[in-house]
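J.: What follows is each chain in one-letter form.
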Amino acid sequence: MLKNYLKIAIAVLKRRKFFTFISLFGISFTLTILIVASAFVEKLIGENYPEVNRDRSLYINFVHQQNLKYSYSQNGPASYYYMDHYVNTLKTPEKIAISSLFAPVNTYVNNKKLVVNIKYTNEAWWDVLQFKFIEGKPYTQEQIDNGEHVAVISEDLKNDYFGDVPNVVGKYIEADNVQYRVTGVVKSVAITMLVSYADLYAPYTIAKTDYRKKGIMGNYGAILLAHAKADIPKIQQEYADEVAKIKPDDKNFDVVKSSADKYFFSFISANSKSSAVAIIATVIAVFVLFIMLLPALNLININISRIMERSSEIGVRKAFGASSKVLVWQFIIENIILTFLGAVMAIIFSVIILQLINNTDLIPNLIVSINFRVLLYSLIACLLFGLISGVYPAWRMSRLQIVTALKAQ
Amino acid sequence: MFKHLFKLIWNKKKQNFLLITEMFVSFLVMFGVFTLMVYYYHNYKQPVGFDYNNVWVVNYSPPENIHSNDSFMLFHETLSKMLKSMPQVEQLSFTSSNVPFSMTTNNTMIGYGNSSNVVSNVYQAEEAYKNVLNFKMLEGRWFNKADDVQGKYIPVVLNQKLKEELFGEENALGKIIGENQIETRTLNDRYRVIGVANDMKDKGDYQAIENGMYLKMDTNAIRFGSILLKVKPHADAAFEGKLFKALSNAIGTSIEIEHLDKKLVTKNKVMIVPMIIALIVVGFLIINVALGLFGVLWYNINKRKSEIGLRRAVGATGNSVSKQLVGEALVLSTLALIIGSFFAAQFPLLNVFNLPGSVYIIALFFAAVFIYLLVIICALYPGKQAAAIYPAVSLHED
Numbered sequence: 001m002l003k004n005y006l007k008i009a010i011a012v013l014k015r016r017k018f019f020t021f022i023s024l025f026g027i028s029f030t031l032t033i034l035i036v037a038s039a040f041v042e043k044l045i046g047e048n049y050p051e052v053n054r055d056r057s058l059y060i061n062f063v064h065q066q067n068l069k070y071s072y073s074q075n076g077p078a079s080y081y082y083m084d085h086y087v088n089t090l091k092t093p094e095k096i097a098i099s100s101l102f103a104p105v106n107t108y109v110n111n112k113k114l115v116v117n118i119k120y121t122n123e124a125w126w127d128v129l130q131f132k133f134i135e136g137k138p139y140t141q142e143q144i145d146n147g148e149h150v151a152v153i154s155e156d157l158k159n160d161y162f163g164d165v166p167n168v169v170g171k172y173i174e175a176d177n178v179q180y181r182v183t184g185v186v187k188s189v190a191i192t193m194l195v196s197y198a199d200l201y202a203p204y205t206i207a208k209t210d211y212r213k214k215g216i217m218g219n220y221g222a223i224l225l226a227h228a229k230a231d232i233p234k235i236q237q238e239y240a241d242e243v244a245k246i247k248p249d250d251k252n253f254d255v256v257k258s259s260a261d262k263y264f265f266s267f268i269s270a271n272s273k274s275s276a277v278a279i280i281a282t283v284i285a286v287f288v289l290f291i292m293l294l295p296a297l298n299l300i301n302i303n304i305s306r307i308m309e310r311s312s313e314i315g316v317r318k319a320f321g322a323s324s325k326v327l328v329w330q331f332i333i334e335n336i337i338l339t340f341l342g343a344v345m346a347i348i349f350s351v352i353i354l355q356l357i358n359n360t361d362l363i364p365n366l367i368v369s370i371n372f373r374v375l376l377y378s379l380i381a382c383l384l385f386g387l388i389s390g391v392y393p394a395w396r397m398s399r400l401q402i403v404t405a406l407k408a409q
Numbered sequence: 001m002f003k004h005l006f007k008l009i010w011n012k013k014k015q016n017f018l019l020i021t022e023m024f025v026s027f028l029v030m031f032g033v034f035t036l037m038v039y040y041y042h043n044y045k046q047p048v049g050f051d052y053n054n055v056w057v058v059n060y061s062p063p064e065n066i067h068s069n070d071s072f073m074l075f076h077e078t079l080s081k082m083l084k085s086m087p088q089v090e091q092l093s094f095t096s097s098n099v100p101f102s103m104t105t106n107n108t109m110i111g112y113g114n115s116s117n118v119v120s121n122v123y124q125a126e127e128a129y130k131n132v133l134n135f136k137m138l139e140g141r142w143f144n145k146a147d148d149v150q151g152k153y154i155p156v157v158l159n160q161k162l163k164e165e166l167f168g169e170e171n172a173l174g175k176i177i178g179e180n181q182i183e184t185r186t187l188n189d190r191y192r193v194i195g196v197a198n199d200m201k202d203k204g205d206y207q208a209i210e211n212g213m214y215l216k217m218d219t220n221a222i223r224f225g226s227i228l229l230k231v232k233p234h235a236d237a238a239f240e241g242k243l244f245k246a247l248s249n250a251i252g253t254s255i256e257i258e259h260l261d262k263k264l265v266t267k268n269k270v271m272i273v274p275m276i277i278a279l280i281v282v283g284f285l286i287i288n289v290a291l292g293l294f295g296v297l298w299y300n301i302n303k304r305k306s307e308i309g310l311r312r313a314v315g316a317t318g319n320s321v322s323k324q325l326v327g328e329a330l331v332l333s334t335l336a337l338i339i340g341s342f343f344a345a346q347f348p349l350l351n352v353f354n355l356p357g358s359v360y361i362i363a364l365f366f367a368a369v370f371i372y373l374l375v376i377i378c379a380l381y382p383g384k385q386a387a388a389i390y391p392a393v394s395l396h397e398d
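Which chain is which? The protein sequence lines are W and U, in order. Anchor point for the first sequence: position 103 equals 103 in this note's numbering, and the numbering is continuous, going up by one each time. Anchor point for the second sequence: position 53 equals 53 in this note's numbering, and the numbering is continuous, going up by one each time.
These are calculated hints, taken from the structure and not from any lab test. Treat the hints with care, since some could be wrong.
Each pair of labels, with its calculated beta carbon distance range [claimed, not checked]:
(1) Lys-112(W) <-> Phe-224(U): 48 to 58 Å
(2) Arg-190(U) <-> Ile-363(W): 39 to 49 Å
(3) Tyr-381(U) <-> Ala-285(W): 36 to 46 Å
If you want a taste of the chain W side facing chain U, the calculated C-beta under 10 Å gives, among others [to be verified]:
(4) Tyr-5
(5) Ile-8
(6) Ile-22
(7) Asn-106
(8) Ile-302
By construction, the Cβ of each residue, glycine as well, lies at the ideal position given by its N, Cα and C atoms.
Isolated chain W (complex conformation):
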């Protein structure tokens, strides 16, 4: 049966090449946009170098202090003191990486200015995140404790600062008016990795803002790595219990709020979590609808025209006893075959477009690619598209009177 449908579908496609072209153009273009967009989203929130363990990681980016009476509040990253006292003490996580937000500073080599983004980290940082070391190794706990001026730099910074030299471990690099001894060079991270991106990683003990300073607010965040995915709710609970005990450090505030969340949700302030998620979902839905609506309408229009062309075929089949249901199914399946054909083209186009984007270096170090999950999303989108644009024309067709259908020719 399916084979028959396939044969008919291909015969129909061959009949009016112009219409086939219009349909395929619409379908493949729409799906290309969706595939490219989802590849970018996947790159932003999925597991990528060096945060390959995102599925068992929780992020703490913000602490929120609030005055309940006058409803004013303060929201921002926490201090190292906070991280050390309230986060590092958690028992359930396997490892806890603590790092400052990356901060841009300057350095000047050969009368050229370089912008260097510095990030201060603890030792566990190098275990939680899977950096690829091109040479050297991370700094040790001992070096951190001694407050040694050592640093791990990115490959890009190495090339910009030292030029084309084979080995830089042990050499000195100056940034922000400080001399650091390079202990390792890692593969550069794309700036879209908001938590792990930096050009130069250094021990938190040598940060210019004193890490021993008491107080809640500062510029540090944490990544909690769980032993297993199942531990995540437990860690969240443990952290929530811990936060409930913390007193604000400022008499203007009554409560401290903070939560450990999955990567994407960790950027949404603790105060507006549910409404923000709803807004994001609406925005995505509207975007997808907007992209799909016009091509779908277009396809429906063309499909209807094409059905009318086939009225004699429909009339004959109906006259020989085919039920409306059978015809509707036939037509939907034909349409889905068409959409899948478009999908194959879309995947080819997407690969080409993504290749172009990667080659132009639009965002340095960002390599966008199609992976299994992206393909799955696009297949779902494709099915949806085929159904939307096929159902109405099929319904119209099935209601054709045999007499009119036969008479039309």
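Starting from the known structure of chain W, arrange chain U on it as the hints suggest.
T.: Here is chain U on its own, set in the frame of chain W:
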């Protein structure tokens, strides 16, 4: 003629309904795109209002161990003296971190008398701020030494936009603003207007001018601030390196030096890149729609061969047949545009995104012209084909 075309369309309302929907959606999409484009252009045309060439920004993390007012003053004094001693530095001003073209914004609500409150940017600035950025005062004066004396009212300079929003044509000088907010406890201070500065487009070339009020820098703001430097044109990277070292030693925390002209390029990119992506996507959507319209119109004409043949047989010229078909398509698009305009008109009426009404009206006009052009182009070829139908051939077929 119109009545006749309308009747023809009405007879096939079911078929035409989908076509109208498609045109309607395309119209809304084009309306959105043109609104953005007109808005960008409108903003781009506004004068910048200040000079950002050879202006550098020094951003620093809050210096350690500065807590009292005296240590703030000392910090300020030392840095100013050091910077002024450099021959390449012409002018300098400490300022809040919302320097031109930065991503940082500081906002407050402000009101005058019983009028409703408006949102305004708040900039902290010093006396030299005006010379660093080289803008003009339209009325009154900029800050001077006398403003350091603590009085009942805090002196404030408004930009022209905020002045017009609060006072309209009225004279603003000497008026007190923020009075009604004291009662609702949303503000602690009353401000007295001492001057009105020209509007500065400090958010980027394609961003609208926003309300702005300038306050004299207070000591506490120095901690979280930036320094704006006007340098001589010959100041180069070698000087910048020296400057960086000197400042780094004096401040003690992490610092960064940026150039305003480069910041502007970055800021513009943030606005332009999404616009380009949107234009590419919409461009393809429109090609898609055009092909679809063309296909459907073409198909319809093939189906109506006998009707057209008959019209030719009773004396219609090829030209008038093709005119009729294009006319039908135009009536269809007019219907779609009427529905579309109804929805589009809600944007200026309800003031949805706070854009000037003229932007919407111009965009509406462009979108309508665009859809008409699109439809005419798509209908021309099928119309021409219909004109070439021979009555004998088409009538014979039936």
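J.: Identify every previously stated hint that the structure contradicts and give their numbers, smallest first.
T.: 1, 4, 5
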